[in-house]
Amino acid sequence: MLTIIYMIAIVAEAMSGALAAGRRSMDVFGVAVIAFVTALGGGTIRDMVLGHFPVGWTQHPEYIYLVISAGLLTTLVAPYLHHLKRIFLALDAMGLVAFSLIGCNVALEMKYPIPVVIMSGMITGICGGVVRDVLCNQVPVVFRRELYAVVSLVVCGLFLGLGALGVQTNLNTAFCFVTGLTLRMLAIRYGWKLPTFSYRQHWE
Amino acid sequence: MLTIIYMIAIVAEAMSGALAAGRRSMDVFGVAVIAFVTALGGGTIRDMVLGHFPVGWTQHPEYIYLVISAGLLTTLVAPYLHHLKRIFLALDAMGLVAFSLIGCNVALEMKYPIPVVIMSGMITGICGGVVRDVLCNQVPVVFRRELYAVVSLVVCGLFLGLGALGVQTNLNTAFCFVTGLTLRMLAIRYGWKLPTFSYRQHWE
Amino acid sequence: MLTIIYMIAIVAEAMSGALAAGRRSMDVFGVAVIAFVTALGGGTIRDMVLGHFPVGWTQHPEYIYLVISAGLLTTLVAPYLHHLKRIFLALDAMGLVAFSLIGCNVALEMKYPIPVVIMSGMITGICGGVVRDVLCNQVPVVFRRELYAVVSLVVCGLFLGLGALGVQTNLNTAFCFVTGLTLRMLAIRYGWKLPTFSYRQHWE
Chain R
0 MLTIIYMIAI
10 VAEAMSGALA
20 AGRRSMDVFG
30 VAVIAFVTAL
40 GGGTIRDMVL
50 GHFPVGWTQH
60 PEYIYLVISA
70 GLLTTLVAPY
80 LHHLKRIFLA
90 LDAMGLVAFS
100 LIGCNVALEM
110 KYPIPVVIMS
120 GMITGICGGV
130 VRDVLCNQVP
140 VVFRRELYAV
150 VSLVVCGLFL
160 GLGALGVQTN
170 LNTAFCFVTG
180 LTLRMLAIRY
190 GWKLPTFSYR
200 QHWE
Chain X
0 MLTIIYMIAI
10 VAEAMSGALA
20 AGRRSMDVFG
30 VAVIAFVTAL
40 GGGTIRDMVL
50 GHFPVGWTQH
60 PEYIYLVISA
70 GLLTTLVAPY
80 LHHLKRIFLA
90 LDAMGLVAFS
100 LIGCNVALEM
110 KYPIPVVIMS
120 GMITGICGGV
130 VRDVLCNQVP
140 VVFRRELYAV
150 VSLVVCGLFL
160 GLGALGVQTN
170 LNTAFCFVTG
180 LTLRMLAIRY
190 GWKLPTFSYR
200 QHWE
Chain S
0 MLTIIYMIAI
10 VAEAMSGALA
20 AGRRSMDVFG
30 VAVIAFVTAL
40 GGGTIRDMVL
50 GHFPVGWTQH
60 PEYIYLVISA
70 GLLTTLVAPY
80 LHHLKRIFLA
90 LDAMGLVAFS
100 LIGCNVALEM
110 KYPIPVVIMS
120 GMITGICGGV
130 VRDVLCNQVP
140 VVFRRELYAV
150 VSLVVCGLFL
160 GLGALGVQTN
170 LNTAFCFVTG
180 LTLRMLAIRY
190 GWKLPTFSYR
200 QHWE
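Residue numbers (numbering that gives the first Met the number 0), protein chains in the order written: chain R, 0 to 203; chain X, 0 to 203; chain S, 0 to 203.
Looking at chain R on its own, in the form it has when it is part of the complex (with noise of 0.2 Å):
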């Protein structure tokens, strides 16, 4: 079940990855990098991280092929994309949600502690898109929008806490998704963001 919600996520990545690469009129070999590292460089950082190897990806070639696919598709149907915008962002934020439970579940059987537990979680769902704003050249979107991290922050704890109260994975893990997927959309429809800090004196 969470397999097809993550390959449905990495291809809802990837394609996020394409229209980025398409914004600074990269070629198509710069589309289906930015796509890769979009859809699969947050798990990869989060292996890198917490020494988990063989990194996810290299042991599932078939992943690599399905979001360099849906990057180069994407640029035939980007025109057409704009008409899908809702169902878009819900397929982002369904990623979202997925890499962050997923990312939970690797560190936990890797026994860290508990706030390990929840970056990981974090760095899964955010770092992908992270990596492909630093390479387009801008600041990461994702220090800026509507709540989008802090729901991979809520449904991180939420997972864990839950399984600490003992209630079982299968369940908890469906209620975590649908709760960080309900939270993701109602930020979006409500303009939700966090307060920001600027700071505009230079005297270093």
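Please note: incorrect hints may appear among the correct ones.
Any copy will do: because identical chains look the same in the list, a pair fits if it lies in one copy or spans two.
Think about it this way: if two alpha-carbon atoms lie no more than 25 Å apart in a straight line, the pair counts; the simulated SDA-like pairs of lysine to any residue are [to be verified]:
id : residue 1 : residue 2
1  : K110      : F52
2  : K192      : R144
3  : K192      : I86
4  : K84       : V140
5  : K84       : R199
6  : K192      : S68
7  : K110      : G50
8  : K110      : H51
9  : K192      : I67
10 : K84       : M109
11 : K84       : T178
12 : K110      : I7
If you are wondering where the hints come from, they were derived from the structure by calculation, not from laboratory data.
Fit chains X and S to the given chain R structure using the hints.
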């Protein structure tokens, strides 16, 4: 002793990260992330490059809380920080020197060759700030600022040289710490800089 | 044989890094760092992703000296380099091809699946330049330039294909090297490019 200095140092680095995030008007989540990577990113990259798992902070969750708290607190006290500019720069210099010495020790324990030990010290001292600047979409200041990286290099070289001469480790650490701190403060005071290389031709 | 080409290649890459640093008016330390990451960063990222520890250059400190020397020397000879543009581009192409073949071999020895072997070659060939451009705060040229990454892909694919057909490794290496070099030089000569994807809508 080095642990206390280390904790002061990561707080100072987290604060410098939070200010950089504020200059990009990030939300509080972005502030927390930038504070985290500035303070602990150098050590993380060092551990990932050296294959030194588990990465340091994953075994010390208290550091995670410490740097994120320091980052968020900075958003509240920021308007008053420029009055404390000198203290802040001194703390930052302490961080640079302490990180460098810690980085050397990690690579020494892993029996890496001498040049790698020096690079390990420099990576630990400098990479946090490099990642901060990359995420804030600017050319890393460490590549252009008054003697900063060079202080790290001098400290690492001195530490290894005196160690090879048989100087006792605690004494050696203390001496290198004071020397590095003095050098950095003098560099700030007198604006010492490395020569710059400017190249204007675009023939590629 | 591949070792000599490799050393020529890392020198060429270090020089291209130094010139990029000069375009950002970095100090000599920044030049040394950018030279280092451009020359050795691709292999470092490959080793970190594949879990191939210790990372290559940590066991060959002579490479550290070589690339840093090449970078610093570049600051002296830079005014004359554009006369050598063709030689320089040829050395850079040799680097691309040699790095790609070396990257394939590392992943092959670790028994990774074929698509990962190809990605290992491409990561080794390309990522140094990507990190260089990220640290110099620009969109990586490799995502927009004439056939560059594609040469890496062709070389890796050809090397694996001929290897699967039973071609002897040294012959295979030599043939792929010449083919890749020729392809790259033709691409530069005739300005071959991949199609570009431009996307202007900002609906996210």
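Comparing the hints with the structure gives:
Taking CA atoms no more than 25 Å apart as the test, K110 paired with F52 passes in both settings, with 15 Å inside one copy and 13 Å between copies. For the homomeric pair K192 and R144, the shortest alpha-carbon distance inside one copy (7 Å) is at most 25 Å, but the shortest distance between copies (35 Å) is not. In this assembly of identical chains, K192 and I86 lie within 25 Å of each other by CA distance solely inside one copy; the values are 21 Å within and 34 Å between copies. Taking the shortest alpha-carbon separations for K84 and V140, only the intra-copy value of 17 Å comes in at or below 25 Å, while the best inter-copy value is 30 Å.
When the C-alpha separation of K84 and R199 is checked against a cutoff of 25 Å, the pair qualifies only between copies, where the shortest distance is 15 Å, while the shortest distance within a copy is 35 Å. Proximity of K192 and S68 under a CA criterion of 25 Å is satisfied inter-copy only: 20 Å between copies versus 34 Å inside one chain copy. Within a single copy, K110 and G50 get their C-alpha atoms as close as 12 Å, and across copies as close as 19 Å, so both meet the 25 Å cut-off. Proximity of K110 to H51 under the C-alpha cut-off of 25 Å is found in both arrangements, the shortest distances being 12 Å within a copy and 17 Å between copies.
For a Cα distance limit of 25 Å, the shortest separation of K192 from I67 across copies, 19 Å, qualifies, whereas the shortest one inside one copy, 32 Å, does not. For a Cα distance limit of 25 Å, the shortest separation of K84 from M109 qualifies neither inside one copy, at 38 Å, nor across copies, at 43 Å. Taking the closest pair of Cα atoms, K84 and T178 come within 25 Å of each other only inside a single copy of the chain (21 Å); across copies the shortest separation is 45 Å, beyond that limit. When the C-alpha separation of K110 and I7 is checked against a cutoff of 25 Å, the pair qualifies neither within a copy, at 28 Å, nor between copies, at 29 Å.
Hint compliance for this structure: hints 10 and 12 are not met, and every other hint is.
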